[in-house]
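Spelled out from the first residue to the last, the chains are:
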Amino acid sequence: MSQTADTSKLIKGRTGDWEVVLGLEIHAQVASNAKLFSGAAVGFGAGPNEQVSLVDAAMPGMLPVINRHCVEQAVKAGLGLKAKINLWSRFDRKNYFYPDLPQGYQISQFKDPIVGEGEVLVERDDGSSFVVGIERLHLEQDAGKSLHDQDPNATYIDLNRAGTALMEIVSRPDMRSAEDAAAYVKKVRTILVYLGASDGDMDKGNLRADVNVSVRRSGEPFGTRCEIKNVNSFRFMQQAIEYEARRQIEILEEGGRIDQETRLFDAVKGETRSMRSKEEAHDYRYFPDPDLLPLELDPAWIKQIEADLPELPDAKKARLISQYGLSVYDAGVLVGEQAKADFYEAAAKGRDAKLTANWVTNDLAAKLTAAGLEIAQSPIAPAAVAELVQLIEEGVISSKIAKDVFDRMWAGEGGAAEIVEKQGLRQVSDTGALEKIIDELIAGNPGQAAAVKDKPQAIGWFVGQVMKATQGKANPGAVNQLLKARLGLE
Amino acid sequence: MAELTSLTLKAALDGLNSKAFSSAELTQAHIEAVEAARALNAFVAETPERALEMARASDARRARGEAGPLDGAPLGIKDLFCTEGVASTAASKILDGFKPTYESTVTANLWRDGAVMLGKLNMDEFAMGSSNESSAYGPVVNPWRRQGSNSHLTPGGSSGGSAAAVAAELCLGATATDTGGSIRQPAAFTGTVGIKPTYGRCSRWGIVAFASSLDQAGPMARTVEDAAILLKSMAGHDPKDSTSLAVETPDFPSFVGKSVKGLRVGVPKEYRVDGMPAEIEALWRKGVEWLKDAGCEIVEVSLPNTRYALPAYYIIAPAEASSNLARYDGMRYGLRVDGRSLTDTYEKTRAEGFGTEVKRRILIGTYVLSAGYYDAYYLKALKVRRRISEDFEAAFGKVDALLTPTAPSAAFTLGENADDPVAMYLNDIFTVTVNLAGLPGMSLPAGLDAAGLPLGLQLIGRPLDEGTLFSLGGAIEKAADFRAKPQKWW
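Quick mapping for you: the protein sequence lines, in order, are chains A and B. Okay, so the first sequence: first residue is 0 according to numbering that gives the first Met the number 0, each after it adds one. Okay, so the second sequence: first residue is 0 according to numbering that gives the first Met the number 0, each after it adds one.
Note that these hints are calculated values from the structure, not bench results. Warning: the hint list may mix true and false statements.
[Claimed, not checked] In silico BS3-like pairs for lysine-lysine, Cα to Cα no more than 30 Å straight-line:
| # | chain 1 | residue 1 | chain 2 | residue 2 |
| --- | --- | --- | --- | --- |
| 1 | B | 379 | A | 93 |
| 2 | A | 8 | A | 186 |
| 3 | A | 144 | B | 98 |
| 4 | B | 379 | A | 110 |
Input sequences plus hints: build the corresponding full structure.
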């Protein structure tokens, strides 16, 4: 898909419109019980330096040994990004000094990454979509953590994270707005979570992104870019991009020049500031790590991994649309989270697919969000939603009553059928009972009844009165039919 | 019990097996020899208590009939090997006082087979040197002296302590390492046998790294058979070292004494370098005659890229070293010199912790990997390395092994080349090619020069064909009948 300038995305400057150009480097922690080269455990919540092996601490004479599981996750991710898997790749050393990097180099893949070019289809909220090119994905070690806030005169080092496997996914500069960049990250995150290659947990720092930002006038070549680091939430990403684009536009409109540099996003001030210029940039002295052999993958192994891949979001979405007749929008919302789609499919078995989708994506989703819960933690099980939908489908309760029943289900009062019985919420479809109420109403309000003849929409007043009299339990269809007959509207 | 220290390893093992003496007696004799030889400065750490403890345990095993192949044999260990609970410093101030909590695979293999540790042997700092003068503990003194001279000679390097200790009969054998000739050149300078096996034959795990793609452990001993016995114990696949070869270890001692009749031995014409002493040239010719007499066919071969080997080596080895030594930053172990800031601490620690030669190589290595120089130096050197391997492959299409001198001179006076690093580097001219190609190479004593100093010949074999080297080495050893010993002056 070509990336033609979409005028709605342009930023207005003093001297005209500007287009922002974005490329992302996503760092996703590989889902693994052990680190990339050391065999030490990986886990959240361990005490400082409790998950550090001799290799992670770079003791003299220690050597890295590649973790096959981590390689498999990278291959899975590559396949999920529709990318080329390189059967021959190699690890390089990226040399720099920092206390949370015990070896004095990070083992990464510079020249020959494990995954080459691919692409990701990204949907926007308005239903439109765009494609982002993937330049590469490579495996690398994470660094440890420097704790600067424990002591006024010292920095503490926690090496638990040192040596943990990361996948770095580098995109092409294919995004033109902060919203698109966020949508892209969400989509990549969804794919990784579906694959089980990463838990994608941004709160724990298991998925982070560096954003390359440049601006240009439409149709002109790319401008000089700045890399923004420390962007660890969708909100910050948007803020950082917007701030940085404005900053660059102001400089250019003043006749200035953008310096290629690395900038840090300050979440407190909501601004980016220079970290190091191109001149100050490290010379990482990359070279092939002589402690490791080139990584050679067996094509049969790749085929096996491919055969075992789970259904990915795009395929699942297409299937939900064709199998359940869902709208593109509903299907998109459901596949956005694998657990949500699974929940839906479990609830929709034998039920009205559209109705079930509405309950899952609207009412349940709202309750979960308000309670700060994930769908996997939902106190209402898929079967319980199915039971509720069945009662609506069978006319036992109206959709309106169903909302009340659902609130009670959420409050833990029991299953839908049980609540309907206990609370006497069964819908009144008994024509005799309804006829009696209607006749009394017409008799008691002759003026209104006469008015309806000239103004048929005034029938709503009668419907409301019947509902009031039945505490909402009347079947609205039946009420309408009876009223029309009695008021002589047919 | 001077006679116990004069035994070969094989004879000592036979004596232990026949109960002629105990390991405690054998070990005590060596402890006394070590104590009496402090003028040689061969040991950086003596571990007599541990040695006697290991010896008594060995005697107990033997009494139970559980003796291993090396049971009770006292050995010296180069300080580059990490030994659990015993200071392991690579003869560097920066690792002052460092006591590993782990045992290198090679030494663990020796202890598994029953060997006894007498202590840690002096060496060039981080194995960088050809004269032992770069040691933080001062140089080892060669037990050999020129006739009629009291001047102190180098034992060669970097495994100078290993060579001197074996030559002076302070231990029955020693571990050593060879990155560019560090086993073979000291062997030649001290009248001992040393073999650098095929790259990957011995695990590098737990050996302080110098240049990972070149480093290889090997034994030093007084006979070819002793070297074969030691190598058999040291070698073996280790999953903790990714470059360790998953191959069976042959019964090396069984190759010693095997007929070499019909073997084709190559003499590379490029190894006749300008300025090589006539005595070495003559000894080389003598070696050829001995092998002819033993039934070998001698073939002149060409290794056309030999002259590029030394420059390539002095790019690749420092490049890897500059990265390998980055971990010595004063943050976790070893020397730390606090400065005003992090960078200041790094600079002060490394300025004080590393010696001149190590600093020189870190600088060279950092330079050749720098942006803008990488292609011209490092990449070019890798291409040369490939060519050198191809030269050997072509030669081994015609011959089974190669015969060359080990070093271009006999042992020189300490201090003689101290101010001229290039002259020092030229010591490695016949040995570095073997490391660049990952081949096995052995040096063995073949005669004395006019001043009464030992000279060595080098045998180079096909990958994993140490066996042929042991057979040829045995044949030369028999023909040369080298019985000279250094006159005890210490």
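*Within 30 Å, alpha carbon to alpha carbon, are residue 379/B and residue 93/A?*
20 Å, holds
*Verify the proposed pairing of residue 144/A with residue 98/B, using a straight-line Cα cut of 30 Å.*
26 Å, holds
*asked:* Run the distance test for residue 379/B versus residue 110/A: straight-line Cα separation, threshold 30 Å.
replied: 17 Å, holds
_So if I understand the rule, the pair passes when the alpha-carbon distance is 30 Å or less; does residue 8/A with residue 186/A pass?_
20 Å, holds
Against the hints set out earlier in the document, no violation occurs for any number.
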